[in-house]
Structures are given as structure tokens and as C-alpha cells.
Amino acid sequence: MKKLLALCAMTLWGIQAFAQSQAEILLEGTQLYRSEMASWVGTDLFLAKYGEQKENTGGYLSYLAGEKAVCIFFSKDATPKAIATFTFDSSYNAQTAVVDGQERALTRHEHDLVTIRQIAIRAYTSDTMFHSYKNMNPNFIPISDKQGKRVYVLTAPQEQGIIVFGNDYLLTFDNTNTLKQKRPLHKNLIPIKYDQQDGKLVLATMHTHLPETGDLITPTDVCTLLLYAPHIPWGQHFVIGSQHVSIWDCKDKDLIIMKKEAWDKIMATEKQKAGIPK
1 MKKLLALCAM TLWGIQAFAQ SQAEILLEGT QLYRSEMASW VGTDLFLAKY GEQKENTGGY
61 LSYLAGEKAV CIFFSKDATP KAIATFTFDS SYNAQTAVVD GQERALTRHE HDLVTIRQIA
121 IRAYTSDTMF HSYKNMNPNF IPISDKQGKR VYVLTAPQEQ GIIVFGNDYL LTFDNTNTLK
181 QKRPLHKNLI PIKYDQQDGK LVLATMHTHL PETGDLITPT DVCTLLLYAP HIPWGQHFVI
241 GSQHVSIWDC KDKDLIIMKK EAWDKIMATE KQKAGIPK
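For the sequence shown, this note's numbering assigns the number 1 to the initial residue and increments by one for each residue that follows.
Heads up, none of these hints are tricks.
Ranges between beta-carbon positions, derived for each pair:
{"#": "1", "residue 1": "TYR228", "residue 2": "GLN53", "range": "25 to 35 Å"}
{"#": "2", "residue 1": "ASP44", "residue 2": "ASP77", "range": "17 to 27 Å"}
{"#": "3", "residue 1": "ALA105", "residue 2": "THR43", "range": "16 to 26 Å"}
{"#": "4", "residue 1": "PRO211", "residue 2": "ILE162", "range": "23 to 33 Å"}
{"#": "5", "residue 1": "PRO211", "residue 2": "ALA65", "range": "31 to 41 Å"}
{"#": "6", "residue 1": "THR269", "residue 2": "LYS146", "range": "39 to 49 Å"}
Below are the SDA-like pairs computed for lysine to any residue, each with C-alpha atoms no more than 25 Å apart in a straight line:
{"#": "7", "residue 1": "LYS251", "residue 2": "THR208"}
{"#": "8", "residue 1": "LYS54", "residue 2": "THR87"}
{"#": "9", "residue 1": "LYS187", "residue 2": "PHE238"}
{"#": "10", "residue 1": "LYS273", "residue 2": "THR205"}
{"#": "11", "residue 1": "LYS260", "residue 2": "THR208"}
{"#": "12", "residue 1": "LYS187", "residue 2": "GLU28"}
{"#": "13", "residue 1": "LYS54", "residue 2": "THR115"}
{"#": "14", "residue 1": "LYS182", "residue 2": "ILE25"}
{"#": "15", "residue 1": "LYS76", "residue 2": "ASP44"}
{"#": "16", "residue 1": "LYS187", "residue 2": "TYR124"}
{"#": "17", "residue 1": "LYS259", "residue 2": "ASN188"}
{"#": "18", "residue 1": "LYS265", "residue 2": "ASP249"}
Because the hints were derived from the structure by calculation, they are not lab data. Each residue gets a CB set at the ideal place from its N, CA and C atoms; glycine is no exception.
When you get a sec, could you build the whole thing from the sequences and use the hints?
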């Protein structure tokens, strides 16, 4: 596999377009991961410390504040208030998180995030474009930054030992928090088991993108791979598009993108070396 990655590195897809797309995908995917990780750990902390307030909670969300990630739980009031705030460093260690159970008014930034998140939830429950699956939960990740306001919807499995790609969506908003566009990223659901299969440990996995999803790995794919990195034994995950192949290194958390034509040639060479018929 190291030989394969070395060959891939020499056949990278194209100069400026490659560098820009790769950087944008990694940046957005990492931002989604940092937000979602804060929500994961923040939810556990909230239930442990303020579980008695669960029924009075209107929801939660997370956002980035420089090198920190903040998770807030807010009330059901017509004008929601923050009822618990958790601030994490890059370790997301619950033991070192800053915990604040003081009720307070939302900041302007938090108010915008709550607003677009609630609009996204209403759209999800009313629009047939969105799909729900048994034993799966939608996770809503609002973002407001220099690139604009948007909400990603990811599908998370309730079952252990499985990672899910797909059935994800992007909703975009204008500066007044008005919903402008909603679209699916992957139109299908792609569950992959990450435990041993028939006593064998799977070291590499892949999924294929339909043309409407696009050729490249998506930020939601990157987010999912980062979230499950401590649990999955894979060395690489491949995303196969019609024109390009994205190769995610699960250990180094690095991305390589190459032309599909070059990928096909490498695969043909590897099969020939292994004595596999064409």
C-alpha cells in the first residue's frame, strides 16, 4: 500500500486546481469535525452534570472560537437562552473542558446559529427531499463564517461497529438567515462495518460517488473519517469518482487526489504483479 501511495503522489491531479480543492475540502471537513466532536463530548457532559434539565432543553450546537470549540445547550423559550456552555481545547478532554452552567443570553453569533439550525430542522421534517432511516439519527451542524451561513445535515448510526457515508445535505442561508438553497450531497446511504469481517481485519475501504455528488471526496466524508478515526482500523479510504479518485490516509489524516485514468493504470499494474487476470 505504501508503494501505491507513492505512485499516487507522483500522479496528483493538477497543480492549482488540485491544491485549491484539496485545501478547501480539508478546511471545511476539519471545521465540521471540530464542531461535531465538541457536540459529542458536550452532550455527554451535559447529561452527566445537568441531566435534570434535559426536558427543558431546546437543543444544542457547537461552533469554533479560534483554537477552542464551544458547545452550548439552549432553552425552549421563545427567545432561547444558553443554559450550559462547554469550551474545549484541541484534545476534547472532558476532564479539562471549561464548564459553565450559568444561564445567559445568547451572543449574536449564537443566535444566528440557533436560528438557521431550527430552520434546517423544520425543512428536514417537512421536505420530502430529505430521507430518514431506521436506527439512524440526523445531526445538524450550523456554521457562520466568512464563507457564509450554512447547515450541514449528517446521518449518524445508532448501531456500534458501523460508519455511515451519505444521506447528507447542505442548506445555505443569506445574511438575514433566510434559507436560499438546500441540496443533497450524496443521494444514497453508504454504511460500512469497521469491525472484523469473517475473522479478517479490513485495512482499506471505498465508496463510489455518483456524478451528481461530484468527483471528489466531500467535507462530510472527511468529517466522518476524522470522527471515527480512533475506532476504525483502516489504513486508507478511497472515494471513486468518474474522473478522479480521492485517497484518505486514516492514520496521517492526509488527502491525495489523482486522475481516474492514472488510478486505473496503477490498479492494472498491481493486478498484473499479483497475477490477477484482466
